[in-house]
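Enquirer: With the hints as extra help, turn the sequences into a complete structure.
2 protein chains.
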Amino acid sequence: MRIEAVDFFYLSMPEILDIGDGSQDALLVRLQAGGYVGWGECGASPLTSIAALVCPMSHSACKPVRDSVLGQTLESPDDIRRIGNLVRENSLDLLQADHTLSGIDVAMWDLLGRRFGVPVYKLLGYERAYPKTPYASVLFGDSPQETLEKAKRIRSQGFRAAKFGWGPFGKGSVQADEEQLRAAREGLGEEGILLVDAGTVWVDDVHAASLRVPALKACRATWLEEPFVSGALGAYKKLADMCGPVKLAGGEGCHNFYMAQQMMDYGGIGYVQIDAGRIGGLSVAKQVAEYAQVKGVTYVNHTFTSHLALSASLQPFAGLEDHFICEYPVELKPLAWELTREHLLPDDNGHIHPPDAPGLGLSPHVEAIRKYLVDVEIRAKGKLLYRNPDL
Amino acid sequence: MRIEAVDFFYLSMPEILDIGDGSQDALLVRLQAGGYVGWGECGASPLTSIAALVCPMSHSACKPVRDSVLGQTLESPDDIRRIGNLVRENSLDLLQADHTLSGIDVAMWDLLGRRFGVPVYKLLGYERAYPKTPYASVLFGDSPQETLEKAKRIRSQGFRAAKFGWGPFGKGSVQADEEQLRAAREGLGEEGILLVDAGTVWVDDVHAASLRVPALKACRATWLEEPFVSGALGAYKKLADMCGPVKLAGGEGCHNFYMAQQMMDYGGIGYVQIDAGRIGGLSVAKQVAEYAQVKGVTYVNHTFTSHLALSASLQPFAGLEDHFICEYPVELKPLAWELTREHLLPDDNGHIHPPDAPGLGLSPHVEAIRKYLVDVEIRAKGKLLYRNPDL
Chain A
26 MRIEAVDFFY LSMPEILDIG DGSQDALLVR LQAGGYVGWG ECGASPLTSI
76 AALVCPMSHS ACKPVRDSVL GQTLESPDDI RRIGNLVREN SLDLLQADHT
126 LSGIDVAMWD LLGRRFGVPV YKLLGYERAY PKTPYASVLF GDSPQETLEK
176 AKRIRSQGFR AAKFGWGPFG KGSVQADEEQ LRAAREGLGE EGILLVDAGT
226 VWVDDVHAAS LRVPALKACR ATWLEEPFVS GALGAYKKLA DMCGPVKLAG
276 GEGCHNFYMA QQMMDYGGIG YVQIDAGRIG GLSVAKQVAE YAQVKGVTYV
326 NHTFTSHLAL SASLQPFAGL EDHFICEYPV ELKPLAWELT REHLLPDDNG
376 HIHPPDAPGL GLSPHVEAIR KYLVDVEIRA KGKLLYRNPD L
Chain B
26 MRIEAVDFFY LSMPEILDIG DGSQDALLVR LQAGGYVGWG ECGASPLTSI
76 AALVCPMSHS ACKPVRDSVL GQTLESPDDI RRIGNLVREN SLDLLQADHT
126 LSGIDVAMWD LLGRRFGVPV YKLLGYERAY PKTPYASVLF GDSPQETLEK
176 AKRIRSQGFR AAKFGWGPFG KGSVQADEEQ LRAAREGLGE EGILLVDAGT
226 VWVDDVHAAS LRVPALKACR ATWLEEPFVS GALGAYKKLA DMCGPVKLAG
276 GEGCHNFYMA QQMMDYGGIG YVQIDAGRIG GLSVAKQVAE YAQVKGVTYV
326 NHTFTSHLAL SASLQPFAGL EDHFICEYPV ELKPLAWELT REHLLPDDNG
376 HIHPPDAPGL GLSPHVEAIR KYLVDVEIRA KGKLLYRNPD L
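Read top to bottom, the protein sequences are chains A and B.
Those letters in the first sequence? Residues 26 to 416, by the numbering used here.
Those letters in the second sequence? Residues 26 to 416, by the numbering used here.
A portion of the hints provided could be inaccurate.
No distinction is drawn between identical chains; accordingly, a pair holds when it is met within one copy or between any pair of copies.
[To be verified] As a list, the in silico SDA-like pairs of lysine to any residue whose alpha-carbon atoms are at most 20 Å apart: (1) K177 x Y291; (2) K408 x L42; (3) K396 x P81; (4) K263 x M289; (5) K196 x L111; (6) K408 x I41; (7) K408 x M38; (8) K196 x G45; (9) K320 x G259; (10) K406 x E100; (11) K396 x G407; (12) K406 x L42.
Derived by calculation from the structure, the hints in this document are not laboratory data.
Expert: Structure (structure tokens):
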């Protein structure tokens with residue numbers, strides 16, 4: 026069968042708040058081939074990824090992503106990898122291409138899974154899926170008191186792990202951060218797994234980050250996530266060497282396999298966090314999971330949007346029993362929650378299971394999300410390049 | 026003074042050919058502040074960078090690039106660096122942002138240079154500019170005979186160095202590549218500096234690349250450029266260790282400082298090639314030039330578009346006497362040639378000089394290029410986000 030259609034749908038909450046909440050909009054991808062349909066989701070900035078899908082060619086290594094996808098044969102996982110390589114080659118100079126490809130790659134896996142009647146993780150080569158321990162992923166409160174209450178609430182909801190990030194953390198005094206960390210630990214209780222996300226706040230400033238290390242150790246944080254931007258490998262390595270037993274986590278900014286590889290090879294991270302909607306989809310994410318095993322690094326998903334994206338992000342490490350922590354966003358905006366008919370809810374033991382159903386195992390709730398569809402129109406060179414298709 | 030306007034102009038040849046020629050379109054940037062105007066140019070895929078300029082915010086770390094630029098104070102080089110950092114922070118999750126920022130950064134330096142009446146290289150901290158030896162940058166011919174004729178023509182034009190790249194190289198047999206290399210060497214003569222650009226054709230396949238090493242050595246290539254994609258540092262290092270005295274060159278794909286740093290730290294390259302229109306502009310390019318000196322790596326510009334981009338790309342290493350080779354495209358499409366009123370032509374010794382005039386020292390030839398202006402219109406969320414402004 027051949028890929029007959031690749032449609033992008035830009036969904037958005039009516040109002041976008043200036044906060045670190047990635048669930049406020051979404052770029053949904055629908056792929057059609059041989060009578061089957063697959064769904065995926067790309068990372069942030071829907072309009073820019075739409076432009077990368079349909080832009081006019083600049084030269085032979087800067088073509089619109091769509092040109093390497095439409096009309097291609099799609100029969101097997103090898104076809105998916107071949108199409109991904111085509112995109113990377115034909116859109117080498119198109120920076121946004123990796124994000125744009127990501128949702129398409131996810132949709133191709135979903136489509137093949139539906140066609141063959143198997144979960145995506147099986148197509149990826151895993152015999153079975155293991156349960157994951159979800160960590161509730163939330164923003165730090167504006168005050169330690171607010172963080173304390175969030176942590177207590179998360180604990181009372183049955184979560185054994187929680188990650189606090191962004192908000193005021195790292196932007197004020199060291200003491201203010203210590204108070205935030207103590208509040209989070211107190212709220213989670215002594216047994217809770219505490220994870221901390223600095224959201225690249227120190228860019229590549231090792232000294233600023235190191236000032237927070239004593240408090241991270243005292244509060245027994247399991248990891249410190251993204252103290253620096255993804256490329257600052259030297260800074261990562263220096264901090265990693267001084268913060269044990271707290272480990273560094275990072276990788277959500279990686280938009281190809283090599284970036285993730287380098288964070289493991291040179292950055293000294295203990296956890297590699299991959300966003301399937303950014304790194305080039307499940308094909309590349311699985312490659313990272315394999316490399317992580319070789320390097321003794323733990324793979325974790327990065328997910329801050331819908332349960333479609335959550336299911337996708339679980340597939341690449343579904344079969345790795347020891348890599349048991351998974352990110353689980355608990356403050357989703359209605360758009361992200363309503364995006365799928367089904368949801369991945371913790372079982373009685375508090376575990377999350379990748380769906381045991383064909384493809385990603387979830388379907389977009391088309392009727393519910395139509396109200397979030399953004400009208401988009403892009404014209405260039407006298408042509409209508411994009412108008413949101415029928416959903 | 027404050028930045029009052031940032032205008033992007035998408036220029037294109039009437040027909041875009043499916044060849045590795047980056048001069049077929051351009052994204053021209055015009056910046057206005059305090060009655061001054063500055064000009065710059067972004068790398069490939071104009072439409073995608075326009076989208077990144079004007080897209081709706083997704084969340085606090087995914088804002089349109091324009092939001093971090095318009096209204097900002099612009100009085101000094103420190104302001105330019107501050108604005109660049111703002112863009113990187115506010116558009117962290119917007120992959121295309123680095124390319125979009127690049128042209129804006131160049132335009133800010135041009136504007137300040139014009140305001141203070143000094144060349145940009147002086148604002149960047151160099152006392153004087155040294156002449157550069159240009160290498161004619163061309164595509165391999167479709168046949169060795171065609172390559173031979175190109176090389177002879179380049180030599181007869183007075184060039185002492187030439188780079189052949191892309192086209193059929195690396196895609197056929199090892200023998201075919203050997204014949205191409207011999208033809209290039211023969212055409213340039215024994216004394217000519219021969220540079221070879223593989224255009225990432227082997228992705229990360231060290232073995233495929235290594236098969237060409239004997240011919241590269243036999244033809245005394247000075248460098249082999251981009252055997253692999255920018256991130257494949259392990260592959261770069263392995264090949265670097267087996268190909269001396271031929272050195273590896275790379276870096277045009279880098280879209281931030283860290284990527285270039287890693288190619289020097291871990292990839293073993295001998296030449297770092299920076300495209301000011303991609304890496305984040307002159308601020309970041311200068312940072313790379315400084316690091317290259319520390320590492321004993323030679324800085325070279327990557328330029329395949331207009332002479333405005335050429336002047337910009339020379340500024341970050343204008344004051345480095347020992348880094349004397351510069352890329353000089355000689356097969357420019359009319360659009361790229363006509364983009365500026367003035368041109369950087371070799372002097373009687375065959376050298377290129379960064380202009381000794383305020384800013385970048387060249388002005389866009391507005392009347393000449395108006396005919397290449399592409400009509401673009403982007404609408405989303407009921408708003409007209411972009412329509413090409415008056416040029």
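Enquirer: Find the hints from earlier in the document that the structure breaks and name them by number, from lowest to highest.
Expert: Numbers 1 and 10, in rising order.
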